[in-house]
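Chains S and C, in that order, are what the protein sequence lines are. Using my numbering, the first residue of the first sequence is number 1, and each one after it goes up by one. Using my numbering, the first residue of the second sequence is number 1, and each one after it goes up by one.
FYI, nobody ran anything at the bench for these hints, they're computed from the structure. Computed from a prediction, not measured in an experiment: that's the story for all the values here. Cβ atoms here follow ideal geometry from the backbone N, Cα and C, with glycine treated the same way. Watch out, some of these pointers could steer you wrong.
[Unchecked claim] Residues from chain S that keep clear of chain C, each with C-beta distances beyond 10 Å, as calculated: (1) 83; (2) 119; (3) 124; (4) 202; (5) 203.
[To be verified] Pairs of lysine to aspartate or glutamate residues, derived as EDC-like cross-links and limited to a Cα-Cα distance of at most 20 Å, are as follows: (6) S:125 - C:44; (7) C:22 - S:4; (8) C:22 - C:4; (9) S:22 - S:44; (10) C:125 - C:152; (11) C:125 - C:163; (12) C:125 - S:99; (13) S:22 - S:34; (14) S:22 - C:94; (15) C:125 - C:78; (16) S:125 - S:152; (17) S:22 - C:99; (18) C:22 - S:163; (19) S:125 - S:163; (20) C:125 - C:138; (21) S:125 - S:154.
2 protein chains.
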Amino acid sequence: MFPERLSRLMQLFARLPGVGEKTAQRYCLYLATEGGELSRQLGEELLAAASSVGPCQRCGNLAEADGEGQLVCAVCRDHRRDPSLLCVVARVQDLLAIERSGAMRGRYLVLGRLLSPLDGIGPEKLPLPALLQRIAEDGVREVIVATPPSVDGEATALLLARELSAVSVRVSRIASGVPHGGDLEFADQITLGRALDGRRSMGS
Amino acid sequence: MFPERLSRLMQLFARLPGVGEKTAQRYCLYLATEGGELSRQLGEELLAAASSVGPCQRCGNLAEADGEGQLVCAVCRDHRRDPSLLCVVARVQDLLAIERSGAMRGRYLVLGRLLSPLDGIGPEKLPLPALLQRIAEDGVREVIVATPPSVDGEATALLLARELSAVSVRVSRIASGVPHGGDLEFADQITLGRALDGRRSMGS
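Same shape as in the complex, but just chain S (with noise of 0.2 Å):
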């Protein structure tokens, strides 16, 4: 019923994350029928995107391939970032939001997952030996653990405790508790332990 070359770009469209049938349908009909124009560019940007957009091969971080071919992210370009702090992260999404917040000064360090051994990750498949470079070459002084504060997240980030232990470097944990804005009545027991747990002293 749909042209064959239709057919296929809506199986395309439907690899992306949180595309259905039907919205992949939805897509190619307005692409279809809007005259060409932002099939074409979109066409040219995805294929410029597939050959110089990848991970920054110091940090994880996204990032465009300069003239010589070098991937290198703006935050690993940034001169202004102090190298002694380093942020460890388990995804780019992680990295994006952290930045967005403007309160991180120091670089980063993308995991790309987190230890969960019921899906067979275990400490070997963390990339520890960049970490261990990372901190030797930058002279790292201390290292924010910001993985997300669920069991994996937890694991990862004692995991990484332990084995920086052996290294002369500070290791601290993004604080977990009420978030801001958040409501005492409907935060869940275990939010609301981590936020006792991590009280801070607040007079003389």
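Dock chain C against the given chain S, drawing on the hints supplied.
Then chain C, alone, in the frame of chain S:
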């Protein structure tokens, strides 16, 4: 914060229907971290579709160009279709829905728009000459007006009936009423009114 190339890609994705900034960013992050294979395939298919897919030159349905660059859709190519039965629809999506039902054995004409005086769409913006030409060329005996049962859809149907009154062709309108599996209790007044108006004799 994002590589420039990905920002451009994100803006293009955000032009797809129902895609906002967050969704566009999600697609880009997925594509950028997935290795480039999907980006490449999607890019190539989009470029191919942009140059070969477009509206059928006979009916306005989606079509893929043949070897000679002619855009004729699968329905218009299908010689088993009854050329004397012509179904007029507003959009390609409506044509596809009718095709899915399998209940139409004739051919189509996609208007592309409905009469909408408030939006400045008057009778002169509807492809009435093309409709008259199709009727004459194909020896159409019945025109089924399958515009939606909305204000604009009904106005368009009335206009078509009036314009075709001078031509020796039967003009019919798809039935409007309570949908299959629908609940009378929750049907709106207009739908129930139409269901009663359009009642059919059951017995001898």
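We went through each hint and held it up to the structure:
no., hint, result
1, 83, "19 Å, holds"
2, 119, "18 Å, holds"
3, 124, "21 Å, holds"
4, 202, "34 Å, holds"
5, 203, "38 Å, holds"
6, S:125 - C:44, "34 Å, violated"
7, C:22 - S:4, "30 Å, violated"
8, C:22 - C:4, "17 Å, holds"
9, S:22 - S:44, "25 Å, violated"
10, C:125 - C:152, "14 Å, holds"
11, C:125 - C:163, "14 Å, holds"
12, C:125 - S:99, "51 Å, violated"
13, S:22 - S:34, "18 Å, holds"
14, S:22 - C:94, "14 Å, holds"
15, C:125 - C:78, "29 Å, violated"
16, S:125 - S:152, "14 Å, holds"
17, S:22 - C:99, "16 Å, holds"
18, C:22 - S:163, "36 Å, violated"
19, S:125 - S:163, "14 Å, holds"
20, C:125 - C:138, "23 Å, violated"
21, S:125 - S:154, "16 Å, holds"
In this structure, the hints that do not hold are numbers 6, 7, 9, 12, 15, 18, 20, in rising order.
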